[in-house]
Structure formats: structure tokens, C-alpha cells
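Those sequence lines, one after another, are chains A and B.
The first sequence begins at 0 in numbering that gives the first Met the number 0 and counts up by one.
The second sequence begins at 0 in numbering that gives the first Met the number 0 and counts up by one.
Bear in mind the hints are in silico, worked out from the structure with no lab data behind them.
Among the hints, a few may not be true.
Examples of chain B residues lying across from chain A (beta carbon under 8 Å, computed) [to be verified]:
1. ARG81
2. THR87
3. PRO162
4. GLN163
5. ILE166
6. ALA212
7. ARG533
8. PRO542
9. SER543
10. ASP547
Quick reminder that beta carbons are idealized off the backbone N, C-alpha and C, glycines included.
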Amino acid sequence: MIARGFKPVAWVAAIGTAALGCYMLSLQVAAERAELAGLERKIISTEQSIRSLQTELGTRSRMVQLQQWNDEVLALAPPAAGQFLESQMVLARFSVNVPPVLENPAEVRMASAEVPTPAPVTAVAASPPRAAAPVAPVAQPVVRRASLDTTTTPAPQTKAAAPRARASASAERSATQPARVRTAVAEPVARPPVSQAQPTRSRTLAATTQAQPRVQRISTASAEPTRRGAATRTAPRRGLLDERTQRELSAASRSERRGGTRD
Amino acid sequence: MATLAAQISRPIPPVEQAHGMGLTYHRLMLVMLLFVGVTFVIVARLTQLQLFSDDAGRALAGDPLLPPRGDIVDRNGVALARTFDGWTIGIQPQAVIGDKRDLARRLHDLMPQRSAAQYHALLNDRRRFVYLARSAVPEMVAQVNALGEPGLVFNREPRRLYPQTSIAGHVLGWVDRDGHGASGMERVLEQRLIDPARRGQPVALSIDSRVQAVLETELATAVTTMAAEGGTGIVLDIHSGELVAMASAPTFNPNSVTRSDPNAMYNRATMGVYELGSVMKPVTIAAAMESGVVTSLHQRWDAGSPVAVGRFRISDDHPLGRPISVAELMVHSSNIATARVADQMGAERMQAAFRALGFHRPVEIELNERTRPLWPRDWGRATVLTSGFGHGVAITPLHLANAYAALVNGGILRRATLLRVEPGTRVPGRRVYSAATSERIRQLLRLVVTHGTGRRAEAPGFRVGGKTGTAEKAGAGGYSNRVNVSTFAAAFPMDAPRYVVLVMIDAPRPTEANSFVTTAAYTAAPVVSRVISRAGPLLGVIPSDTRDLDTSALMPPVETSPAP
């Protein structure tokens, strides 16, 4: 009875809700539309301001202004012919760190000389480089002689160079063993002692370099085989800008200076 | 009967009454429906407005991003001319409520281009609206607005702006107050720039603003330091005919035309006609090669004694006193030998050669600012001989640049254009020289720079070839040997030519900048050298020390001149 009494009310409520829902929906659609239109207006005004800002930027960076800045401050000059490289070949010409091909066998030869006598080599490796220098001529001249061989030809005397000079006399002896060299390099067993010996040698060289800047380039050349040889993986690079990197950079800049026309 | 009638009539009233009530109800119902209907219509309309009104008004306004006048850009898309909404400051004199005298004084403080008295006169004007400034920067608008005078009106109005200021001013031209193109490309492209369908897309000119800036700077420096009357420079792409740069000094600023010197608006490249002098010799020699007058490089022409024509004589500045080859003729720039070549050519063939290059009619270019060359009416022997080395026929520098393009590009004459040509397009042209002649002229021009009068035009690595031309300027009292028109026309790189560079200095004075010599070798040639070394890399020409044009074929007949 009560339910029947309330029926119209329920109807009215239902219809009212539906109408309200429809109205809310249309209101929301209208709001969305208005928002979209507002966004479009905003896009347009943004594009207009982009355009005006571009115009302003273009006006401020006009050629006359740039020219004035260049005349007064920057003083940039047009590039000359020497600053353009025509091909990869021309680019390769600038590389000064690649050693002549003939140097490599000589270095390897020295490495093999150490292999047959492992005991003394380890002794050298264990000792610090400074100490090794005086010991070397007495204990085993072979090691010292070979490592400094390529470096020294014109080199004058420092404390590090002293043993070297004596050793050079018997350089031919080490030249008689090239066949063994190759086996030594190929053999992984032989590697550990060699690799231990290598850093020592390079450090000795570094000492030479410090003592005497004139030898710099030659030592660069002989340091190269170290990288190429068996010790490559174990030889540590001390830092981001270790000596070799610095040497490479300075050599490159020197060659660039020679090649370019501007100073 | 009466009662009966009355009886009969009695039941009628209720019926009538009921009927009347029904009718009233009906009417009432109808009125109510009408009201409801009207309300519904109004609600429906309101709903419609609410839902769809956003789009209704906007369609009429058009695309707000479409500029009222199209942009002009250079070949790389750098804006050369743009339209933006600038501020205008105006005033309604009747609406001014403050003290007019005080307002006038404060306006003068802010905008000093008018005096306080003038502002006061404007404030008492009868007109309803007066402009105070038509192009005001926003800062100025803010300051004037801060005066707080309700009579002041600020509006936004489209303004044409040339962001590069004076760069390429002669090419662009300017617009008048109403925004219509008044000169230059603005005038040429008027229809295209205001067409609603196309103005959204910028128009690309062939100008490269960087090269144009280089050319204008170098030219302006030369004109200033040499105290010259003016000068002009052209950089022309020889394969497409595009003018990559075209400058005329002095320059003006198209942003403020009214405040510019009217003299500066004269575009010497297309409006100035000059007897350009020895730069015409390659044209004569090429024509002689084509017509079989010059057949071999070993053929010798007498340069020993001056040529007498009527009452005057043609002589050389540095007489060689012996027969010379064509290569020597170019290297030493011998007038005598060139006159003899022209003499053998004859009036008919010389005229035909010049007509083929269009020297008898205004130069073909989009601009309206062109002048007709001075073409001699009477082609007597004197005219023929002097025209061989560039006197008697007065042409514009652009004519000559176009002719040089044909000389070095394989012999095809193309129309010069200021509109960008898509790379790779084959631009039609007309053959005026054979490829062999063009090849030979290239060698001769290169030789002039390596061994002759054009040494100062050499830009290291760019293989420049060209010819000097120092003409005596014709004034009121005939030719003056102290006032020169010094021209250098060059092309580079000569082993595979791509661009012609022409520089002309009008009436340079002897100053320190040209070592007190006003000939082309000391005035125009160094400018060409600097322009090429600066603009060459921008144009994609890579300088090289290892490439050059082979001129060895010409070497045996040449004896080099002493260094200039």
C-alpha cells in the first residue's frame, strides 16, 4: 500500500535523477569543450609569442651585430686550407704515435731473452726500479740492454742511462735469438714473468723521461711495444691522464701546430 | 409557447455554459502550450548556444596565425622580413582630462622626437584621434601608460620588420605606411605576399644572409677607407643564376626608410650603368675565339705602337713594345692588343657578341629598379675599338657578372634570379660560348691572378681567377684620368667554377688603404680576396693547397709582369 503510494514519488525521483544526470553530462561536455577551446587559444597565443620571440632573437643576433662582436672581441678568422682534411689518408698523417714497423721485432727479441732465465727476471721485477738500475749490469745485463736498446741511440748520460751505454756493445748477441722470441710470445706459460718485468721497464723509462725531456719522443716510441706485447692486459694505466696519454696529446698538438697555418 | 420556449431555452444555458467553459479551457490550454513551446524554444536555443557557441564566432575570424603579409626568408630560412604586431600610441584630444600643458611636457620627456609645443598643439587638435607614435617598443608603451591619461589610446597594428636591418636592404626594398610593397622584392612579390592562400608560407630568396653580410661588411670597409663615392658587390651562382649576395654601398635601413639618406637607396648593382673598362677584355677575347679571329695561343698581336683612331690614340699604361700572345694580353691587360683584336672582329661581330649577352637591354632580374644600358647609336671604328676594352658601352655590374658566369660555366647564359632555386633543378639557359672557349677563358682568368694584374685577388686555397678593370669615369668634362671606376670580376674555384664574385668601387680616392693607387688591383681586388676567403667555406667551397687549374698550356707564350 505504502509502496504504491510512493510509486509516483519514486518515478519522479528516478526521472529527476536521470534528467539531472543528463544535465550534468551535458554540462561536463560543455565544460570540456570550453577547456579545449581555451587550450586552443593558449596554443595560438603561445605560437604567437614563439614567433615574436624568434623575431626578437633573430633581430638581436643579426649579422651586423655578430660582425661587430667579432671585430671588437672574438676576432675569429676564416679557416685556411690547412685546416681542412680531404681524406682519411691526410688525417692519418697527423698520427705520430704509430712506431715504424721495424721496431717491433727488436722489442720482442728482448722479451724472449728474459724467458730462458726466469729466476733473475723475477728478482728484477720484485725490486723497485731505482734499485734495479745499479744491480742490473752485475746480475744480468741482458734484460737492461734489450729494453733500453731502441731508446738510447743518441741518448746522453743520466744515472739511468749509464748501464745502458755499457750494454749496447753486446746488442748483437740478443739479435741472434729472434726464433725463440716468437715461441715465447705465443706461449701463455711464459707470460707471467714477462708481464711482471714490463711495468718495471716502463717505469725505468719514465724515470729517464723525467730526468731528460729531450728523449721524450724516443721513449714514446719504445713504450708502444709494451702496449702491443704480451703485457698489454696486465700493464696498468695509472689514471685518466697518465703519462702516455699526456705524451700523446702533446705530440698531437705539436704536429697540429706544425700542420696548421695559424699560430 | 413562450413558457415552452422558455422551457426549451432553459436547458440550453448549461450546455452553452459547459460549451463556453470547454472553449475557455481549450483556449487556456492553447495559450499554455504556446508558453511552454516558447519556453522550450528558448531553452533549446540556450542549450544550443551553450553547447555550440564556441565554434560559432571563431570560424569568421580566420586563422590567427596567418600573418597579414607573408614572411621573406633567405635561402637557409633566416628571416629577412617579417610582420608582427607592433604597438601604436595615439590620443583622443577631446578625452584628455588632465592639464594639457603638463601632459605635453611629459610626453616630450618620454618621446623627444616632437617638442612640447608640438605635443600641446596636437592635444588641442580638432580631430578625434591623432597618432603620437606608430612604432613604439613595449617599454615606451608602459611608460606612456603610466602617465594615467584616459585620452591615450594604445593599439596593436601589424608592422613590417627587417630583423637583419641594413643587410640586403636593396634587395628587399621596403613597404609604405599602408603595408604595400614600395620597392625591391617587397614590391615584386606584393601579390604573393598578401594572397591569403599562400602567405602562410614564407618566400625564400636566393640570398644567403651570411654571405650577404660578409660582402656588405667588406664593401663598406673598402668604400669608407678609400673615401669612395660608393661601391657594389655581387656573388652569383653560375650554374643556377641565383644571386647569393648583392650589395650596394652606401646602404640604408629598410626599417626606417624615411630617416635614410635618399642617395643610399640607389642600387648600383642594377641601376648604375658604368663603362667598366678592362673587365670586358675576356668578353672580347671569348667572342674573338668563337668567331675565329683568335685561333691559337701562339698567335701574336702587335702591342708595340699606339693605335690611332680618328683624333685620339689608344695606348697602354705600361707599353710592352712587342707583339704579344692572347695570354700576355690578358696578363698585362693591353689595350692596344685588345683594340687590334676588336678591329679585326669588326662592328657587326662585336655588336652581336654584346647583344648575345644582353648588353643592349635592361638586365633580366625580378627587381623593378633597373636601368637601360647606354648602347652606342653609332658603331664607328672608334666605338668598336674602345668597346673591346670596356669603354663606349655602359652596362650595369649585374650584366657583367652574368656575362662572367657564362664565360666560366661552360658557355651557358642564364637569367639572374633573386628567388631560391631548389638544388638539383636544371635551370634552362642559352649557349653563347662553346665549352672549349669557356675552358680557355678559365685558364686565362686564373693566369691573370697567378701571374698578372690580379694577384691581390688571390685567396689562398680558393683557386681564384678574374680580371681587373680600371675605367676612367666619364664626368661633365669628359673622361677624368684621376677618377676611376675600379672593378674586379672573379670566379672561384677555377678548377670547377661555382661562383662569380664581382666588386666595383666607384671613384675611390688614393688613401693608405689602397697604397695611394686607385686602380682595381689595389682597390677592388683585395676586397674580392677577402670576400672569397670568408664566404668560400660558407658556400661549401673547401680551400685546398693541392688542387688548381692547369694553366701550363698557356705558359710558354707568357712573360709575367712584375708584382703589382
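If you check each hint against the structure, which ones fail? 2 and 10
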